[in-house]
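**Student:** Two independent chains are provided; combine them into the complex using the hints.
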Amino acid sequence: MDQPVRELSYAQAIQEAMAIAMEQDERVFLMGEDIGVYGGAFQVTGDLVERFGADRVIDTPISELGGAGVAVGAAVTGLRPIFEFQFSDFATLAMEQIVNQAAKMRYMLGGAVSVPVVMRFPAGSGTGAAAQHSQSLEAWLGHVPGLKVIQPATPHDAKGMLLAAVADPDPVMIFEHKLLYKMKGPVPEGYYTVPIGKAEIRRQGRDLTIVATSIMVHKALDAAETLEAEGIDVEVVDLRTIRPMDTQTVIDSVKKTSRLLCVYEGVKTLGVGAEVSAAIAESDAFDFLDAPIVRLGGAETPIPYNPELEKATVPQVPDIIKAARDLVSGRR
Amino acid sequence: MAQATAGKETGANLPFIYREYSPEQLRQALHKMYLIRRFEEGAEDSYTRGLIHGTMHLSIGQEASAMGICMPLTLDDQITSTHRGHGHCIAKGAEVAKMFAEFFGKTTGYCRGRGGSMHIADVTTGNLGANGIVGGGLPIAVGAALTAKRTKSERVVVSFFGDGANNEGAFHEALNMASIWKLPVIFVCENNGYGMSTSTARSTAVANIADRASAYAMPGVIVDGNNLSEVAEASHEAVKRARAGEGPTLIESKTYRHRGHSKSDRNRYRTKEEIEDWMTNRDPIMLYETQLQEFGVIDQAGIEGIREAVRQEIADAIEFAKTSPSPEIANLERYVYTEPL
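Chains as they are written, first to last, in the numbering used here: chain A, 1 to 332; chain B, 1 to 341.
Just so you know, these hints were derived from the structure itself, not from any lab. Small disclaimer: the values here were computed from a predicted structure and weren't measured. Don't take each hint at face value.
[Stated by the list, open to error] Pairs of lysine to any residue residues, derived as SDA-like cross-links and limited to a Cα-Cα distance of at most 25 Å, are as follows:
| # | chain 1 | residue 1 | chain 2 | residue 2 |
| --- | --- | --- | --- | --- |
| 1 | B | K182 | A | G78 |
| 2 | B | K182 | A | G53 |
| 3 | B | K240 | B | V123 |
| 4 | B | K152 | A | G78 |
| 5 | A | K184 | A | H133 |
| 6 | B | K322 | A | G111 |
| 7 | B | K322 | B | L332 |
| 8 | B | K263 | A | N100 |
Same shape as in the complex, but just chain B (with noise of 0.2 Å):
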């Protein structure tokens, strides 16, 4: 698939992803990100509004992390997600339209209107869905994996966690049980730098969440999780030898978001000086734009082109979620058995 060296530099000094992916799958990954972003800015609007009860938790300014590892994933693969995680499920093929009607808390939503942001899921295109409880996903994932190897499948399971789960005793032993039986599942630590108001030099004994991997003896990789194609090599190499049966891979992926922690957060622990440099110096979305200006992959037209595709889809999104019923009080209790007791 390498098309795209129509840039600069050609051959084997291109980055990964322009070497691996054409040109239109590089486009589609723009338009990805910034269905994410705007999904966020959507949500967050329309929490403002009061259209959104609850709370939530956006992933802006770490677009790149959800979109880089996904995009090697095929549609059969599996992920588990965080209450961070309205990027994981986009990236990995979930229709806005039908997340948005979830966060307005109807029936058309993904969960019938049952889970809300925090437990956003699209079982159809692989999401075994995020997580209210930090680490909760990680043995899920291994679990999943499990079935992956029993039933001799190809398909592997990447389960996303925050910097804060790596101090729950779930990640140690999520990790320890998928590395003992090489199954084939990738961790993928989207690091931020803090764990709610704690950083991570505070919470965590180590320098980077990636050594904890020679503890289980399973690969450790550090990247730029703003770098879009950092991030989706990092998850090719992990995948592949997944899927060849050398088992667990450990991804770090250093990003930040621009939010605070959810809607509560005064943002009294970081200074706005950091949050401005990552902001403006190191938005993902902004970075790739330009690498793909630079290697001729798009213009500024089919820049706007995007963006204004994008627009639609998200106006168009919120309008279905608006116009969609509401859950009957009287099936209060439906789903909580598979068979009705």
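Isolated chain A, as found in the complex (with noise of 0.2 Å):
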């Protein structure tokens, strides 16, 4: 990529490709509760609305479901909408139209439509906003063919997905965990696009395979300093996409290791963890196997208030320093 690159955070990153994605495109547009004076809760639509206008930066009320169905009679009717969730648990007051009708409306009407609309969630712990406010339910949304489902874990990988889902003819759904919207990185200038459905290995290891999404690939690259002092060659794959998954990264990268640790921030029971598992079980890489696979979710409960209840909700650093620490010493 020969573009001049900068360093912006995960939130400038967004904000950079939609703007992109609009000065190209006249039929994209911004829908969402309170995008524009505002400047949308996390600031991620920032001042769009000065250069663009509240006829493409559009306040809707909170009206959730209506709001995503209007989101995709607008993308089946040929624009191209960003919708924005306030909260990515606010996706439960629209599953009727996200589940029902985006994901299905292609299939049920046999290829005589598509339904080229973007959904933007903010997820995720670690801001002190409870139960209602810091889910990861992107293994909710990954259950259901039709949809795409990305969880972006770098501002570079935000902007190059973001631009990837505007050009995808197929509803695309965005998983933006909150603590990640101030991250700094590299970012290109101007239009690139970063592969939906494409795993990518953050670090070459010999000794694990860690595999994980989102915020828990920085947690995993932290874990793997360390982990090097102490001999331990860790490689991690960011995820990238839970649907269509990246299934040969993963398999490929533990043929060569022989251990798997699955670290998302999902409730682990059910999730994106168990459907990696499920895919080296079932594939020839299960006879490299050196261990039993680990994962390393979300707990069995709704997210906390309390601070140290709320961080010993997700698998924090230490936490997968000890279980890659077991795993390769045969604790596991």
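**Tutor:** Right, here's the structure in full:
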């Protein structure tokens, strides 16, 4: 990539992607609650309303179901809406339109239409917002054929995957961890895309594969630094997309390292890690395993308010280090 | 187009459609209402014979509502429809052969056998699809209307829904957004008195669904849904308003379904007398036919001609469906995504 690269925050990268998409294509517009003059609950849309006007940066009423449906209807009839949920938790109010309509319309109509809608979901815990504003519900939507579900982990990917999502003819659900919004990283100027459905190896290693999503990629990389000092060589795979999942990259990695640790923030049971584990168990990589697969996921509780409890709900760097040590030393 | 003046009333005293449409258009409307009726009877018969599986929701008795709303619409205008949507699909211009093919699960069907009765659609004539979810089409119609407004097209969008949907959140959210953004959308509630078995009296806090319109600052119009002219007039007004950029209208079309809710209905919630009354005294096709004759638009021979033409059309359509190929199992996953993964 020969475009100049700057440091941008994850939120700035998303904002830049939306601006580029709107500059390039008159059909693209933004919808969401308080995304206009307020700039969005997390200031992701920021001042875009000043550049593009209130009829392309549309403040909706607090109507998640209706708003999602309007986005679906606009997409099906030729526009390219990017719909922001204020918090991913509010997807629960709009599941009808996401699951029954957006995901299925093309199939139900035998291919007569496409639904090129992008929905953005600020997700995850760590902000002290407790049980109804902190969930990681990506696996819910990952279960639905017809949707694509992505979790960019870096500013670079947040921009490139959003632009890929806008260009995609099918509904793409983007889960953005709120704690990533302020994280900075290199982001090329101008237009580029990062493909949906391709995992990325963030760190090469021989002893253990950690498959992580979203913010857990960074925690896994932190853990890998510590583990390296102890002589444990960790490979970190950033899954990036959970539907369609790039299982081949995971399989290839596990064949190399013979050990698999899945780290994700969503509730452990029936989560993304279950699918990754099953993909290995069902593949020829299974024969390469030297130890049982280990999953570190969210606790089986709602997200609590108390900061210490909240931290304990999701995997932290020391948890990853311990799990990795146990796996490599044969204690698992 | 005011040409149908052969009857006993003239000029301003004539019902709306006789002032607005040519005799040929009026006869075509009767033809389409028959087509809807016979299509559904044919579908019902095919179901009984085991040629169609699943379930279906028949709109027999509601034909004037579908037809009247669609009369002022152009091919470019769009609709969203409901689980009781066969009539809307035909009234908007779909071909019955491709509809039967869909019901038979064939590749020649509108949805290539993936949708069936409950998802019947014909995007080429502006039908964005029936919907299995009560109220599901309302926000989608608002989105389609947003497209119409943003692209500065003349298009209007009609969202058909039943009385049951008026108690869904989607109804309220959709009407509110359409109103604040002054979108070219027409909400058409076909109130047939029952959401499955529960009457509107038991389910709905207001006497008329149209009363809800005032909460969203739009006109609420009540029409006799079995009177084609009344329905068409209300639709005409609403379309005019929408095209002029004045925003949405809620039309409540009071009607009745002669059949049960679906194939599982034991009809325990309505009296025989009530059903009998609607069938014998308020059948929309019978009412329209009588009126057409009164105004001299058609004679008995003309009516017989339409009936025979429709009979043949339905027979041919069923034959087309029967002889069409079924989808290949190998293509099960086709159409999940636009580009294969």
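**Student:** Would you mind marking each hint as holding or not holding in the structure?
**Tutor:** Tested hints:
1. K182(B) to G78(A): It holds: about 20 Å lies between the C-alpha atoms, which stays within 25 Å.
2. K182(B) to G53(A): holds, 17 Å
3. K240(B) to V123(B): holds, 23 Å
4. K152(B) to G78(A): OK: K152(B) and G78(A) at ~13 Å, within 25 Å.
5. K184(A) to H133(A): Answer holds: K184(A) to H133(A) is near 24 Å, not above 25 Å.
6. K322(B) to G111(A): At roughly 22 Å apart (the allowed maximum being 25 Å), G111(A) and K322(B) satisfy the hint.
7. K322(B) to L332(B): This hinted pair holds, its Cα atoms lying about 21 Å apart.
8. K263(B) to N100(A): holds, 23 Å
The structure is consistent with each of the numbered hints, conforming to all of them.
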